[in-house]
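S.K.: So the chains spell out like this:
There are 2 protein chains.
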Amino acid sequence: MLAIGLMSGTSLDGVDACLVDIKNGKFKLLDFITYPYEASLKERIMRNLSNETAKLAEVSSLNFELAYEFVKAIDVLLKKSNRKYKDISFVASHGQTIWHDPDGVKCENAVPNTLQIGSASVINQLTGIKVVSNFRCKDIAASGQGAPLVPFSEYYLYRSKNKNLVFQNIGGISNLTYIKKNAKMDDVFSFDNGVGNIMIDYFTNKYFNMPFDKDGAIASSGKVIDEVLDYLKKDEYIYLPYPKSTGREKYSKEFMEDMASKLNFEKYDKKDIITTITEFTAFSIGYSYLNFLKDIDLAIISGGGSHNKYLMKRIGEIAKVKVISGDEYGINSDAKEALAFTVLGYMTLKKKPSNIKSATGAKEDVILGDITI
Amino acid sequence: MLAIGLMSGTSLDGVDACLVDIKNGKFKLLDFITYPYEASLKERIMRNLSNETAKLAEVSSLNFELAYEFVKAIDVLLKKSNRKYKDISFVASHGQTIWHDPDGVKCENAVPNTLQIGSASVINQLTGIKVVSNFRCKDIAASGQGAPLVPFSEYYLYRSKNKNLVFQNIGGISNLTYIKKNAKMDDVFSFDNGVGNIMIDYFTNKYFNMPFDKDGAIASSGKVIDEVLDYLKKDEYIYLPYPKSTGREKYSKEFMEDMASKLNFEKYDKKDIITTITEFTAFSIGYSYLNFLKDIDLAIISGGGSHNKYLMKRIGEIAKVKVISGDEYGINSDAKEALAFTVLGYMTLKKKPSNIKSATGAKEDVILGDITI
Numbered sequence: 085m086l087a088i089g090l091m092s093g094t095s096l097d098g099v100d101a102c103l104v105d106i107k108n109g110k111f112k113l114l115d116f117i118t119y120p121y122e123a124s125l126k127e128r129i130m131r132n133l134s135n136e137t138a139k140l141a142e143v144s145s146l147n148f149e150l151a152y153e154f155v156k157a158i159d160v161l162l163k164k165s166n167r168k169y170k171d172i173s174f175v176a177s178h179g180q181t182i183w184h185d186p187d188g189v190k191c192e193n194a195v196p197n198t199l200q201i202g203s204a205s206v207i208n209q210l211t212g213i214k215v216v217s218n219f220r221c222k223d224i225a226a227s228g229q230g231a232p233l234v235p236f237s238e239y240y241l242y243r244s245k246n247k248n249l250v251f252q253n254i255g256g257i258s259n260l261t262y263i264k265k266n267a268k269m270d271d272v273f274s275f276d277n278g279v280g281n282i283m284i285d286y287f288t289n290k291y292f293n294m295p296f297d298k299d300g301a302i303a304s305s306g307k308v309i310d311e312v313l314d315y316l317k318k319d320e321y322i323y324l325p326y327p328k329s330t331g332r333e334k335y336s337k338e339f340m341e342d343m344a345s346k347l348n349f350e351k352y353d354k355k356d357i358i359t360t361i362t363e364f365t366a367f368s369i370g371y372s373y374l375n376f377l378k379d380i381d382l383a384i385i386s387g388g389g390s391h392n393k394y395l396m397k398r399i400g401e402i403a404k405v406k407v408i409s410g411d412e413y414g415i416n417s418d419a420k421e422a423l424a425f426t427v428l429g430y431m432t433l434k435k436k437p438s439n440i441k442s443a444t445g446a447k448e449d450v451i452l453g454d455i456t457i
Numbered sequence: 085m086l087a088i089g090l091m092s093g094t095s096l097d098g099v100d101a102c103l104v105d106i107k108n109g110k111f112k113l114l115d116f117i118t119y120p121y122e123a124s125l126k127e128r129i130m131r132n133l134s135n136e137t138a139k140l141a142e143v144s145s146l147n148f149e150l151a152y153e154f155v156k157a158i159d160v161l162l163k164k165s166n167r168k169y170k171d172i173s174f175v176a177s178h179g180q181t182i183w184h185d186p187d188g189v190k191c192e193n194a195v196p197n198t199l200q201i202g203s204a205s206v207i208n209q210l211t212g213i214k215v216v217s218n219f220r221c222k223d224i225a226a227s228g229q230g231a232p233l234v235p236f237s238e239y240y241l242y243r244s245k246n247k248n249l250v251f252q253n254i255g256g257i258s259n260l261t262y263i264k265k266n267a268k269m270d271d272v273f274s275f276d277n278g279v280g281n282i283m284i285d286y287f288t289n290k291y292f293n294m295p296f297d298k299d300g301a302i303a304s305s306g307k308v309i310d311e312v313l314d315y316l317k318k319d320e321y322i323y324l325p326y327p328k329s330t331g332r333e334k335y336s337k338e339f340m341e342d343m344a345s346k347l348n349f350e351k352y353d354k355k356d357i358i359t360t361i362t363e364f365t366a367f368s369i370g371y372s373y374l375n376f377l378k379d380i381d382l383a384i385i386s387g388g389g390s391h392n393k394y395l396m397k398r399i400g401e402i403a404k405v406k407v408i409s410g411d412e413y414g415i416n417s418d419a420k421e422a423l424a425f426t427v428l429g430y431m432t433l434k435k436k437p438s439n440i441k442s443a444t445g446a447k448e449d450v451i452l453g454d455i456t457i
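Which chain is which? The protein sequence lines are A and B, in order.
Under my numbering, think of the first position of the first sequence as 85, with each following residue one higher.
Under my numbering, think of the first position of the second sequence as 85, with each following residue one higher.
A hint or two may mislead.
Each pair may be met inside one copy or between any two copies, as identical chains are not told apart.
Stated by the list, open to error - Below, computed lysine-lysine pairings styled on DSS-like, alpha-carbon distance capped at 25 Å:
no. : residue 1 : residue 2
1   : K434      : K214
2   : K406      : K393
3   : K265      : K404
4   : K265      : K168
5   : K139      : K190
6   : K190      : K107
7   : K378      : K265
8   : K168      : K436
9   : K110      : K190
10  : K290      : K318
11  : K351      : K268
12  : K139      : K355
13  : K337      : K139
14  : K447      : K214
15  : K346      : K170
16  : K110      : K355
17  : K441      : K214
18  : K397      : K337
19  : K355      : K436
20  : K156      : K447
21  : K156      : K354
22  : K268      : K354
23  : K436      : K265
24  : K168      : K447
25  : K436      : K214
26  : K139      : K307
Don't read these hints as lab results, they were simulated from the structure.
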């Protein structure tokens, strides 16, 4: 059985589309593309993510427009892999989140809610393929946060009978999923460690005019500044017991510039600053392992951080665990989310639940999504 | 098999809920309620129907809030009819339309779109009942107007082997569905005749301080003013060939007051004005029958207009057809739309199309809606 997974993420760069072969419940990634959004579309989506600038007429139109983009992504993917609509058993489409208020606090009288757009009806009508969509609502209805939903796919695809695994994602923020050996669904848990690449990238850009510290080359050439590291370690979030989640906004430009000014970053070697911030990032992640996870046989790192060899090395040294990249473990970082929703769509069509309660906080196991036939 | 249909209409008074018994594809209405919205909720929905005042945070929250109201309606309906969630095979939920732009003209770059809210995930999660929802999108994706969808249910429930039937609805606007004897789905068509009760109600309210002309009592006691009738008959819409549709906004307060002033309504007996406007309304409808429909054995009138006996009589006389009310034909006017969506939901679960192409303008027969299990 062939299936397609579609994910349009917060970066708004485009829609990720993966082609997957499913045999006896085993998933094999066959192909992957990112179909980019034109700048004008990206801009229109962007302004409809904000309560101040969103317009009902545009939101409703974008619900359909994005679906046409998703179909174009499917077309490119199928052409690349020499397949046709009729070869595909189902499409699992996450859609584009334009609003997420799982605590129901973002307007007066709100109840917990979330909104993904990209009409499944359009995808289904244009391709004739069955579509599973709208994955987050049911978890919210079951008192969950509607996120994260990826941990189920990690559990489903990668759990091990004899290894305790940490799936560590290092994006702007870092988050992990812990899957002990022989885990059941309810054993799995997931939380945000804290900072990810966001500070490293910010200061690398500021001092070296590069978008990120490639391979951790800068960090590996400097030394830690104790005063700065001690300051950073005052981040209380690190020490909070899970369940917990944080966001990019915690490590804002204001926060970083305030620190740079307070600690007079100007007086330091700029390489040392990158080394120190990388050290702090490794510490945040390593602390989680040492204090919140019982046994770890392997930490598998995905996301941008998995390309920072120095960061990976320091995490391993701090937490005294074996660390490898997702790529080494056979996980395609780019396709990870699109693949995850393919797994969730498959479960829905099998009438099986796929929310991890300990990850989302939901009170019940629920079958996620709507089916469009 | 028992099923529930839910419809939240443009009046925003509340949600209509019907309980239906389905046996061998035959539908029997068992019970019906309208669960009213509180004034504050109605007000919040109202301001989120307008592109100027809608707020993304509220739209997303209302998507969930309305679903909780729908569940309350289900609870009341089931309590009244002494049934439980587990007795119900499916819920068909139209939801609340908050935006409808089937031509994609209401904002820059728009594509055809429509938006119904009232999360199926919430209904499903709280009741455990399978839900079919989101009926209009697929028809829009198939280049239709996403409306009207009720004609299919008229065809399915009421078509006759030996009678040519007109299903005439007289609300603010009047619209008909024509189903010739032994019709196939593609034979059915539907269009707006033109004005419905909107003018009768307006002037009855203005001159007699009553919301409508009960039983047509006022109209039946006056006489037609030729000058006014001739003026009204200049309404070009009446003579346009179908497919065609119109809206309440055509017969606006401004239009009516402009006419009253131009023709100096003050100089006439007010009863005669009501008689004349009723005559024009009957003419608009009768003209459709005489000029656009081939053979009619019976016209079955639903909606508020079906209570206006004088209007009914005049339609019959003008068009020379037998006219009866929906109630006499066994159609519960109040439950009609909720029942219609129950029929559509049933078809979806049977994997059968249920859009009438000649009514919506769609290019293909499509299976409507999403299924939440």
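S.K.: Each hint should be assessed against the structure and marked as holding or not.
M.R.: To see whether the hints hold, each was checked on the structure:
1. Within a single copy, K434 and K214 get their C-alpha atoms as close as 13 Å, and across copies as close as 15 Å, so both meet the 25 Å cut-off.
2. In this homomeric assembly, K406 and K393 come within 25 Å of each other (Cα to Cα) only inside a single copy, at 13 Å, whereas the closest approach across copies is 85 Å.
3. In this assembly of identical chains, K265 and K404 lie within 25 Å of each other by CA distance solely inside one copy; the values are 19 Å within and 81 Å between copies.
4. Proximity of K265 to K168 under the C-alpha cut-off of 25 Å is found in neither arrangement, the shortest distances being 39 Å within a copy and 42 Å between copies.
5. For a Cα distance limit of 25 Å, the shortest separation of K139 from K190 qualifies both inside one copy, at 17 Å, and across copies, at 11 Å.
6. Proximity of K190 to K107 under the C-alpha cut-off of 25 Å is found in neither arrangement, the shortest distances being 43 Å within a copy and 46 Å between copies.
7. Only within a single protomer do K378 and K265 lie at most 25 Å apart by alpha-carbon distance; the minimum there is 12 Å, versus 74 Å between protomers.
8. Proximity of K168 and K436 under a CA criterion of 25 Å is satisfied inter-copy only: 24 Å between copies versus 28 Å inside one chain copy.
9. With identical chains, the CA atoms of K110 and K190 are never at most 25 Å apart, being 40 Å at best within one copy and 46 Å at best between copies.
10. In this homomeric assembly, K290 and K318 come within 25 Å of each other (Cα to Cα) only inside a single copy, at 23 Å, whereas the closest approach across copies is 72 Å.
11. With identical chains, the CA atoms of K351 and K268 are never at most 25 Å apart, being 52 Å at best within one copy and 84 Å at best between copies.
12. Taking the closest pair of Cα atoms, K139 and K355 never come within 25 Å of each other, the shortest separation being 46 Å inside a single copy and 46 Å across copies.
13. Taking the closest pair of Cα atoms, K337 and K139 never come within 25 Å of each other, the shortest separation being 28 Å inside a single copy and 28 Å across copies.
14. For a Cα distance limit of 25 Å, the shortest separation of K447 from K214 across copies, 20 Å, qualifies, whereas the shortest one inside one copy, 29 Å, does not.
15. For the identical chains of this complex, K346 and K170 are neighbours neither inside a copy (62 Å) nor across copies (63 Å), given an alpha-carbon limit of 25 Å.
16. Proximity of K110 to K355 under the C-alpha cut-off of 25 Å is found in neither arrangement, the shortest distances being 46 Å within a copy and 78 Å between copies.
17. In this assembly of identical chains, the alpha carbons of K441 and K214 lie at most 25 Å apart only when taken from different copies (22 Å versus 27 Å within one copy).
18. Taking the shortest Cα distances, K397 and K337 never come within 25 Å of each other, neither inside one copy (27 Å) nor across copies (75 Å).
19. For a Cα distance limit of 25 Å, the shortest separation of K355 from K436 qualifies neither inside one copy, at 51 Å, nor across copies, at 66 Å.
20. Taking the shortest Cα distances, K156 and K447 sit within 25 Å of each other only across copies (21 Å), while inside one copy they are farther apart (38 Å).
21. Taking CA atoms no more than 25 Å apart as the test, K156 paired with K354 passes in neither setting, with 45 Å inside one copy and 62 Å between copies.
22. Within a single copy, K268 and K354 get their C-alpha atoms no closer than 47 Å, and across copies no closer than 78 Å, so neither meets the 25 Å cut-off.
23. For the identical chains of this complex, K436 and K265 are intra-copy neighbours only, at 22 Å inside a copy versus 46 Å across copies, given an alpha-carbon limit of 25 Å.
24. In this assembly of identical chains, the alpha carbons of K168 and K447 lie at most 25 Å apart only when taken from different copies (22 Å versus 40 Å within one copy).
25. For a Cα distance limit of 25 Å, the shortest separation of K436 from K214 qualifies both inside one copy, at 17 Å, and across copies, at 14 Å.
26. Taking CA atoms no more than 25 Å apart as the test, K139 paired with K307 passes in neither setting, with 50 Å inside one copy and 50 Å between copies.
Hints 4, 6, 9, 11, 12, 13, 15, 16, 18, 19, 21, 22, 26 from the list above are not met by this structure, while the remaining hints are.
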